[in-house]
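Undergrad: Given next are the chains, with one letter for each unit.
2 protein chains.
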Amino acid sequence: MSGGLDSATTLYYAKSKGYDCECLIFDYGQRHKKEVESARKIARFCGAKYQAIKIDLPWKGSALLDSKIPIPKGRSLRRIKSGIPDTYVPARNTIFLSFAASYAEATGTEAIFIGANAVDFSGYPDCRPQYYEAFRKLIRRGTKAGAGKRQIRIFTPLIDKTKAQIIRMGTRLRVPYEYTWSCYSGGSRPCLRCDSCVLRAKGFKEAGLIDPLAKI
Amino acid sequence: MSGGLDSATTLYYAKSKGYDCECLIFDYGQRHKKEVESARKIARFCGAKYQAIKIDLPWKGSALLDSKIPIPKGRSLRRIKSGIPDTYVPARNTIFLSFAASYAEATGTEAIFIGANAVDFSGYPDCRPQYYEAFRKLIRRGTKAGAGKRQIRIFTPLIDKTKAQIIRMGTRLRVPYEYTWSCYSGGSRPCLRCDSCVLRAKGFKEAGLIDPLAKI
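Protein chains in written order, with the working numbering: chain A, 39 to 254; chain B, 39 to 254.
All the pointers check out, no bait thrown in.
Since the list can't tell identical chains apart, any single copy or any two copies may satisfy a pair.
Below, computed lysine to aspartate or glutamate pairings styled on DMTMM-like, alpha-carbon distance capped at 20 Å:
| id | residue 1 | residue 2 |
| --- | --- | --- |
| 1 | Lys71 | Asp94 |
| 2 | Lys92 | Asp65 |
| 3 | Lys55 | Glu148 |
| 4 | Lys71 | Glu216 |
| 5 | Lys98 | Glu60 |
| 6 | Lys92 | Glu75 |
| 7 | Lys53 | Glu148 |
| 8 | Lys92 | Glu60 |
| 9 | Lys98 | Asp65 |
| 10 | Lys87 | Glu60 |
| 11 | Lys187 | Asp124 |
| 12 | Lys119 | Glu244 |
| 13 | Lys98 | Glu148 |
| 14 | Lys53 | Glu216 |
| 15 | Lys111 | Asp124 |
| 16 | Lys55 | Asp198 |
| 17 | Lys87 | Asp65 |
Everything labelled a hint here was simulated from the structure, so no lab data went into it.
Looking at chain A on its own, in the form it has when it is part of the complex (with noise of 0.2 Å):
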């Protein structure tokens, strides 16, 4: 759970559906500690139980991880959805899976639910459907839990809506929009410029809500 729109909404969902839910935060270097508190927050708000787990990537090799490389900032939807740009974290949503599993096996958890979305996104390759279809059967092959009967199944219950359907869903499921945190900036408000700025303002906008963080 990363603190954002998307990761809260399917924390709602999954409890929604009667899951017992753990939320797996991860700590990887982010420039900002904005999205680690709000994850958090939002875990505790709905009794779920979590813990952080922190990631070293020595590397960088992304705008948000890396304070030398800029972030996007003033992009259009059409350029934002034209390629994958410099906030991409490499192999990130790889990571942040391979310790879901791991974690599922060892607690005999049998489901992730991870809030990936291929529809208003920034084009990264690591939430396409086609990716997630890939993930499964590395699951299957690579566990002793995919090896016998117990499957670990991988949810993305968000990754063909719309990021305005994402808001009226987590709408009905009362999900605590006033605590998520999407600007890749950090700060005490929302920069409005960022690709995730910008993808949050159209959801709400078509959504016909407002965002409670529009008030700060």
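Given chain A, work out where chain B should sit, using these hints.
TA: Then chain B, alone, in the frame of chain A:
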């Protein structure tokens, strides 16, 4: 690189093929630090760069991580090859490879070498060829490198070799086997009774060579 026979041989093999290697050494909460020390020693001896990566697996789930789970000892070869033992670490190679893929993508590295072996091995599912096929597909689909022209190649040069063939190959390549450590237990000498010691002894015997660690 773990500091065992297979990863040391793989490093020397990659070097012999002209690769400029950097070793990723994972400190993932093993019961003893012997293998991490061995890995560093071998990397230095080989003249390869290396870095140690700390990995936090608080859920353990393996006899290699949890001192409350006994390490199986005194098992026959048939028994060793018959199932997945308690020394299996949930999703370990998926975690290691995801870090390697992240490193490779962030640094422009062209290939990942891993010393997985599916002949004289402990039945770990993440050592089998079909697991590596699935990982290659995952990386093609889930990275920026895979989406473009530059593919990250994943080599498993030992996958179908017996332990004896690996040792003969490593001996030709002048791998300093005296610096390797295979035993699952720590201590100053190998226990000679865990699965890893049994497979190592079988390899040296079949290769008609003397294990330099047998002298200590």
